[in-house]
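Asker: Protein chains in written order, with the numbering used here: chain D, 4 to 122; chain F, 11 to 121.
In short, the hints are calculated from the structure, not lab data.
Possibly wrong hints are sitting among the right ones.
Stated by the list, open to error - Computed from the model, here is a short list of chain D residues facing chain F with C-beta under 8 Å: (1) Pro17; (2) Glu19; (3) Tyr97; (4) Phe109.
Unchecked claim - Quick list of in silico lysine-lysine cross-link-like pairs, DSS-like style, CA-CA up to 25 Å: (5) Lys117/F / Lys56/F; (6) Lys117/F / Lys84/D; (7) Lys46/D / Lys78/D; (8) Lys84/D / Lys77/F; (9) Lys16/D / Lys46/D; (10) Lys46/D / Lys84/D.
Since we're looking at a predicted model, the values are computed, not measured.
Backbone N, C-alpha and C define an ideal beta-carbon position, used for all residues, glycine too.
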Amino acid sequence: QVQLQESGPGLVKPSETLSLTCAISGGSITSSYWNWIRQPPGKGLEWIGCVYYSGRTYYNPALKSRVTISADTSKNQFSLKLTTVTAADTAVYYCAKFLGPYTNWFDPWGQGTLVTVSS
Amino acid sequence: QSVLTQPPSASGTPGQGVTISCSGSSSNIGSNTVNWYQQLPGTAPKVLIYSNNQRPSGVPDRFSGSKSGTSASLAISGLQSEDEADYYCSAWDDSLNGHVVFGGGTKLTVL
């Protein structure tokens with residue numbers, strides 16, 4: 004049973020880089036695609052992007068210029084970097100697994116971590 | 011503005027049925043399968059329906075999904091108070107190198 008756990012700073016200053024990590028337990032990073040999804044307070048879900056263990060990535064076109072998602076097979080984890088953040092990037096950030104672009108239901112999800120962008 | 015369009019709210023009384031719609035385009039729902047998620051207050055979403063109409067184990071058969079053309083629907087029969095939650099649809103979109111798109115979410119109230 005795969006379980007996911009997000010970690011990283013809960014507060015980031017405007018214009019800085021948001022960095023989060025998702026640790027995978029109960030399964031191997033080589034088995035699937037690994038995703039980041041966010042949800043601003045009181046709003047809906049927004050897909051950020053995903054990575055395959057080989058390094059293949061897909062990104063949300065609206066965020067692509069600021070996002071890097073990478074996989075670390077030695078640590079069985081993957082990471083998110085979002086540059087030049089503003090208050091609009093304040094959200095709960097979830098990591099989640101899917102099997103591939105055309106088998107793209109997210110299961111499981113991490114519990115989520117709130118990241119606030121503020122000085 | 012979400013790529014997939016859902017009604018912001020829906021409601022029903024216990025025992026009734028309700029349907030939530032999700033409208034897209036030829037590059038997403040028209041070409042690919044649709045998934046549905048349930049998000050209870052303060053929790054992470056969980057998959058309710060995948061590949062248009064498949065239920066993961068543990069999801070009651072009161073929940074069903076369908077797709078026609080560029081639209082999809084989630085039907086809930088025999089409403090229960092614990093069904094009060096936010097519901098989201100999603101699909102792969104083949105445009106712009108491929109990406110996932112979500113609906114804006116529908117808040118279901120059980121009256």
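Asker: All the hints need checking, so say for each whether the structure fits it.
Answerer: Evaluated hints:
1. Pro17: Constraint on Pro17/D not satisfied, violated at 24 Å.
2. Glu19: Violated - the Cβ of Glu19/D stays beyond 8 Å from chain F, reaching only about 25 Å at its closest.
3. Tyr97: holds (6 Å)
4. Phe109: Because about 6 Å separates Phe109/D from the closest Cβ in chain F, which is inside the 8 Å limit, the hint holds.
5. Lys117/F / Lys56/F: At roughly 15 Å apart (the allowed maximum being 25 Å), Lys56/F and Lys117/F satisfy the hint.
6. Lys117/F / Lys84/D: Violated, because 31 Å separates the two Cα atoms, which is more than 25 Å.
7. Lys46/D / Lys78/D: Measuring from Cα to Cα gives roughly 33 Å; hence the hint is violated.
8. Lys84/D / Lys77/F: Violated, at roughly 35 Å.
9. Lys16/D / Lys46/D: Measuring from Cα to Cα gives roughly 22 Å; hence the hint holds.
10. Lys46/D / Lys84/D: Cα-Cα ~22 Å, so holds.
Of the numbered hints stated above, those contradicted by the structure are hints 1, 2, 6, 7 and 8, listed in ascending order.
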